[in-house]
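These protein sequence lines are chains G and X, in that order. The first sequence begins at 1 in UniProt numbering and counts up one residue at a time. The second sequence begins at 1 in UniProt numbering and counts up one residue at a time.
Some hints could be false.
SDA-like mimics (lysine to any residue), calculated; alpha carbons at most 20 Å apart, straight line [what the hints assert, rightly or not]:
no. : chain 1 : residue 1 : chain 2 : residue 2
1   : G       : K452      : X       : N228
2   : X       : K149      : G       : L43
3   : G       : K474      : X       : L241
4   : X       : K149      : G       : D478
5   : X       : K225      : G       : F462
6   : G       : K452      : X       : V184
7   : X       : K149      : G       : D380
8   : G       : K465      : X       : V39
9   : G       : K451      : X       : S181
10  : X       : K69       : G       : D478
11  : G       : K282      : G       : A197
12  : G       : K101      : G       : R59
13  : G       : K13       : X       : Q37
14  : X       : K43       : G       : G435
15  : X       : K69       : G       : R477
16  : X       : K162      : X       : V208
17  : X       : K135      : X       : T62
18  : G       : K14       : X       : V184
19  : G       : K474      : X       : E34
20  : X       : K185      : G       : T409
21  : G       : K375      : X       : R146
22  : X       : K185      : G       : G403
23  : G       : K311      : G       : R59
24  : X       : K94       : G       : T387
25  : G       : K474      : X       : V39
26  : G       : K443      : X       : R146
27  : X       : K135      : X       : S156
28  : G       : K415      : X       : T62
29  : G       : K432      : G       : G475
30  : X       : K185      : G       : G448
31  : G       : K451      : X       : K94
32  : G       : K474      : X       : Q37
33  : G       : K474      : X       : D188
Treat the hints as calculated values from the structure; they're not laboratory data.
So you can see what is in the structure, the chains are spelled out below.
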Amino acid sequence: MTETVVDFPKNFKKALGDGQLRHNLRAAMDTLGMRRRTLFSDLDVFEKLRERGDAIRQRALRQLPELLERLEQKCTENGMQVHWAETPAEANAICLEIIQKHNATRVIKGKSMVSEEMHLNHFLDERGIEALETDLGEYIIQLDHETPSHIIVPAIHKNRDQIAQLFHDKIPNTPYTEVVEELNAIARQVLREKFFAGEVGVSGVNFAVAETGTLCLVENEGNGRMCTTAPPVHIAIMGIEKVLERLEDVPPLLRLLTGSATGQLITTYFNMISSPRKPGEKDGPKEVHLVLLDNGRSKIWADPELRHTLKCIRCGTCLNHCPVYTRLGGHAYGYVYPGPIGSILTPQIEGLKNAGAMATASTFCGACEEVCPVKIPITDILRRLRTESYDQDETPNSVKDHGHKLNATESLTWKGWAFSNATPWFNALNAKLLGLAGPLLPKLPAVGIVKKWSQSRALPTFAAKSLHVLAKEKGIRDE
Amino acid sequence: MPTRPEKVYFFGTCLIDLCFPQAGMAGMELLQREGIQVVYPQKQSCCGQPAYNSGFPDEARTVARQQIKAFAKDYPIIIPSGSCGGMLRHHYPKLFADQPEAAEAQRFASRVFELNEFLVTVLDLKLEDRGQPIKVTWHSSCSALREMKVIDHAKSLLRQLKNVELIELQRERECCGFGGSFSVKQADISSAMVVDKVADIEQTGAAVVLSGDYGCLMHIGGALKHRNSPIPAKHVAEFLLERTQ
Numbered sequence: 001m002t003e004t005v006v007d008f009p010k011n012f013k014k015a016l017g018d019g020q021l022r023h024n025l026r027a028a029m030d031t032l033g034m035r036r037r038t039l040f041s042d043l044d045v046f047e048k049l050r051e052r053g054d055a056i057r058q059r060a061l062r063q064l065p066e067l068l069e070r071l072e073q074k075c076t077e078n079g080m081q082v083h084w085a086e087t088p089a090e091a092n093a094i095c096l097e098i099i100q101k102h103n104a105t106r107v108i109k110g111k112s113m114v115s116e117e118m119h120l121n122h123f124l125d126e127r128g129i130e131a132l133e134t135d136l137g138e139y140i141i142q143l144d145h146e147t148p149s150h151i152i153v154p155a156i157h158k159n160r161d162q163i164a165q166l167f168h169d170k171i172p173n174t175p176y177t178e179v180v181e182e183l184n185a186i187a188r189q190v191l192r193e194k195f196f197a198g199e200v201g202v203s204g205v206n207f208a209v210a211e212t213g214t215l216c217l218v219e220n221e222g223n224g225r226m227c228t229t230a231p232p233v234h235i236a237i238m239g240i241e242k243v244l245e246r247l248e249d250v251p252p253l254l255r256l257l258t259g260s261a262t263g264q265l266i267t268t269y270f271n272m273i274s275s276p277r278k279p280g281e282k283d284g285p286k287e288v289h290l291v292l293l294d295n296g297r298s299k300i301w302a303d304p305e306l307r308h309t310l311k312c313i314r315c316g317t318c319l320n321h322c323p324v325y326t327r328l329g330g331h332a333y334g335y336v337y338p339g340p341i342g343s344i345l346t347p348q349i350e351g352l353k354n355a356g357a358m359a360t361a362s363t364f365c366g367a368c369e370e371v372c373p374v375k376i377p378i379t380d381i382l383r384r385l386r387t388e389s390y391d392q393d394e395t396p397n398s399v400k401d402h403g404h405k406l407n408a409t410e411s412l413t414w415k416g417w418a419f420s421n422a423t424p425w426f427n428a429l430n431a432k433l434l435g436l437a438g439p440l441l442p443k444l445p446a447v448g449i450v451k452k453w454s455q456s457r458a459l460p461t462f463a464a465k466s467l468h469v470l471a472k473e474k475g476i477r478d479e
Numbered sequence: 001m002p003t004r005p006e007k008v009y010f011f012g013t014c015l016i017d018l019c020f021p022q023a024g025m026a027g028m029e030l031l032q033r034e035g036i037q038v039v040y041p042q043k044q045s046c047c048g049q050p051a052y053n054s055g056f057p058d059e060a061r062t063v064a065r066q067q068i069k070a071f072a073k074d075y076p077i078i079i080p081s082g083s084c085g086g087m088l089r090h091h092y093p094k095l096f097a098d099q100p101e102a103a104e105a106q107r108f109a110s111r112v113f114e115l116n117e118f119l120v121t122v123l124d125l126k127l128e129d130r131g132q133p134i135k136v137t138w139h140s141s142c143s144a145l146r147e148m149k150v151i152d153h154a155k156s157l158l159r160q161l162k163n164v165e166l167i168e169l170q171r172e173r174e175c176c177g178f179g180g181s182f183s184v185k186q187a188d189i190s191s192a193m194v195v196d197k198v199a200d201i202e203q204t205g206a207a208v209v210l211s212g213d214y215g216c217l218m219h220i221g222g223a224l225k226h227r228n229s230p231i232p233a234k235h236v237a238e239f240l241l242e243r244t245q
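Put together the whole structure using the sequences plus the hints.
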């Protein structure tokens, strides 16, 4: 995939300086977090449920190759057509071929993060095919030529007033209104006509059941159902990790997904797609295609620790609870998947050189892990990515661009630090010298890390006598 | 309740050792006052977390080995920090998982207690407040909250003090933005976080902010000082000792 190099420091500064964005995000994340807490109010019950979710996802991933083959076989038996894509470019080409085979130029889309990975809309647009987003949030950002800033609520960075202005500016003959119901009605009116005119429907997949060849789609607006039933052709796109072994695996994960994402017990719509229109049936698409995209997932899967990344069910709750995401929003991360899950997934797909900085944008506070419905060890994986950034040893599972950050200054600094802290006499001398220098510290010229610290915090001083010295003076035993 | 030991080790942590030794002395005095013999190994230094979290596990192991050596006897290890405590208890076993010291690291980890946790769950500490009425607020470090799970212990000690009114933060569970090297590597994000934290502290009307971790206290205290706030940031061990002397 071709990506321009992301300027993280510039993006972060810009986002932090955007008061409106900070305000919108904070309000929205508070609401989502509160709804989730209300639904999962009993922590013991939640813990049991997520242990089950974790076990289901681990069992599925353990058998991933077999389950994918079974899924292909079952889907084919059910009358669907299954396609495999190793790269986003291959997946785009498959979609294009299907669309062109039907001489279609109007595609309607349900929400799909994998299609964002592929930059499908842009790809189709360049080939004269209109791909219209029909999820309200996606529709809003598409009008403004933006990408999703959140994986569940893509327009969450915008508030009502901004959307009102956008509709007024971009949709012909639309009077300005800030009334939510009226804004909804405007979008509905536009989209309704597009649903009728759509020649191919594209959707994502939340879970695919290998046992039965069933594609599950979770949504709230009914646009997903429209996209998957109204046009004569339906293309479902999914990452290969989304497969589940059995139908009975779906209910606990569905509960975890909707509860974690929006605090809903169940979404308004839950679609289970198992075949194209059968003889004698009056509706449904005549063709259903399933495109399975790898895009680096097999490589992640091969490593037992990194594999946990693939347990993700894309609920987005780690974003909602992340103190860094809450202050930056999704666009500052520069890639499709932002927040904690993005910070572990993206560097593994895009490589550490381009995206490794995402792994440094964390305090390891653990708020994401506390709420993750499938218990992904996010901080351990972030730490692994930081380590790999300096580690030049090549192993079969090394992350792309491992060792790229290795430099003499940092290596020597840590070697010196380790020597000092593992050598008691040297450490004591060090403490003494620092104690002598302590009072001078605030007078240091503000450069480097001192400058960075001082931008918002007064510098600490070294104590004249360290705890080692005080303990000895007080006669505290040393054994 | 675990049995009350005669002797304990005290792990001062490098930050307290070098910058805030009064908190370490207060922690040891609280233990000694309860009749516990405190041993402070002079060969101790840092838990190794800075290197571990920055991508240098080999260097972290070098330093961790020194601690395992310095705290070799079978005494409980008391540590006035949730963050360093989490490193010793939860991360040493991972750091040494495929090393010859794996079993030793496990045993070492099982002896670790965060200070407040030890005072409450092992010593069942009873406190009598001798201070003037005061309003305080509490900052939960993320590691004390989520890794060590010791916040209730610390607060239960504060609540024993009859003249101390604990006013909780609106966003107590949110990180202050310290995160070790994060505070300088991502200084802009870190600053945005601590500015919010300080505003939350100020709105409580408390005279002092307390915590069990000097990493956060250095960060929050530095931010308070930076904006000339009169509110000090203080380790809970110092506060408990002051109130009961």
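Verification of the supplied hints:
Between the alpha carbons of K452(G) and N228(X) the distance comes to roughly 19 Å, so the proposed pair stays at or under 20 Å and holds. Between the alpha carbons of K149(X) and L43(G) the distance comes to roughly 14 Å, so the proposed pair stays at or under 20 Å and holds. A threshold of 20 Å between alpha carbons decides the hint, and for K474(G) with L241(X) the separation of about 17 Å falls inside it, so the pair holds. For the suggested pair K149(X) and D478(G), the alpha carbons sit about 30 Å apart, so the restraint of at most 20 Å is broken.
A distance of roughly 16 Å separates the Cα atoms of K225(X) and F462(G); the hinted pair therefore holds under the 20 Å criterion. The hinted pair formed by K452(G) and V184(X) meets the criterion: a straight-line CA distance of about 5 Å does not exceed 20 Å. At roughly 18 Å between alpha-carbon atoms, K149(X) and D380(G) fall within 20 Å of each other, so this suggested pair holds. Note on K465(G) and V39(X): the hinted pairing holds, with a Cα-Cα distance of about 19 Å set against a maximum of 20 Å.
With a CA separation close to 14 Å, the supplied pair K451(G) and S181(X) stays within the 20 Å bound. With a CA separation close to 13 Å, the supplied pair K69(X) and D478(G) stays within the 20 Å bound. For the hint pairing K282(G) with A197(G), the CA-to-CA distance comes to about 18 Å; that is within 20 Å, so the pair holds. Distance restraint check for K101(G) and R59(G): the Cα-Cα separation of roughly 38 Å exceeds the 20 Å cut-off, and the hinted pair is therefore not satisfied.
Proposed proximity of K13(G) and Q37(X) is contradicted: the alpha carbons are some 51 Å apart, above 20 Å. With a C-alpha separation of about 18 Å, the suggested pair K43(X) and G435(G) falls inside the 20 Å cut-off, and the hint holds. Distance hint between K69(X) and R477(G) is fulfilled; the C-alpha atoms sit about 16 Å from each other, no more than 20 Å. About 16 Å separates the Cα atoms of K162(X) and V208(X), which keeps this hinted pair within 20 Å; it holds.
Of the pairs offered as hints, the one joining K135(X) and T62(X) is violated, with about 44 Å between alpha carbons and a cut-off of 20 Å exceeded. Restraint check for K14(G) and V184(X): the C-alpha separation of about 18 Å stays at or below 20 Å, so the hint holds. Distance restraint check for K474(G) and E34(X): the Cα-Cα separation of roughly 17 Å lies within the 20 Å cut-off, and the hinted pair is therefore satisfied. With a C-alpha separation of about 15 Å, the suggested pair K185(X) and T409(G) falls inside the 20 Å cut-off, and the hint holds.
Pair hint K375(G) plus R146(X) holds up; C-alpha atoms about 14 Å apart against a cutoff of 20 Å. The hinted pair formed by K185(X) and G403(G) meets the criterion: a straight-line CA distance of about 19 Å does not exceed 20 Å. Of the pairs offered as hints, the one joining K311(G) and R59(G) holds, with about 10 Å between alpha carbons and a cut-off of 20 Å not exceeded. A hinted pair counts as satisfied when its Cα atoms are at most 20 Å apart, and K94(X) with T387(G) qualifies at roughly 14 Å.
The suggested pairing of K474(G) with V39(X) holds, with an alpha-carbon distance near 12 Å, which does not exceed 20 Å. Distance hint between K443(G) and R146(X) is unfulfilled; the C-alpha atoms sit about 37 Å from each other, more than 20 Å. Among the hinted pairs, K135(X) with S156(X) is consistent with the structure: their alpha-carbon atoms are about 16 Å apart, no more than 20 Å. This hinted pair checks out: K415(G) and T62(X) have alpha carbons roughly 9 Å apart, not beyond 20 Å.
For the proposed pair K432(G) and G475(G), the alpha carbon gap of about 19 Å is at most 20 Å, so the pair holds. For the proposed pair K185(X) and G448(G), the alpha carbon gap of about 10 Å is at most 20 Å, so the pair holds. In summary, the hint linking K451(G) to K94(X) is not supported, as the alpha carbons are separated by about 35 Å, beyond the 20 Å threshold. This hinted pair checks out: K474(G) and Q37(X) have alpha carbons roughly 13 Å apart, not beyond 20 Å.
The hinted pair formed by K474(G) and D188(X) fails the criterion: a straight-line CA distance of about 42 Å is larger than 20 Å.
Checked against the numbered hints given earlier, this structure breaks hints 4, 12, 13, 17, 26, 31, 33; the rest are met.
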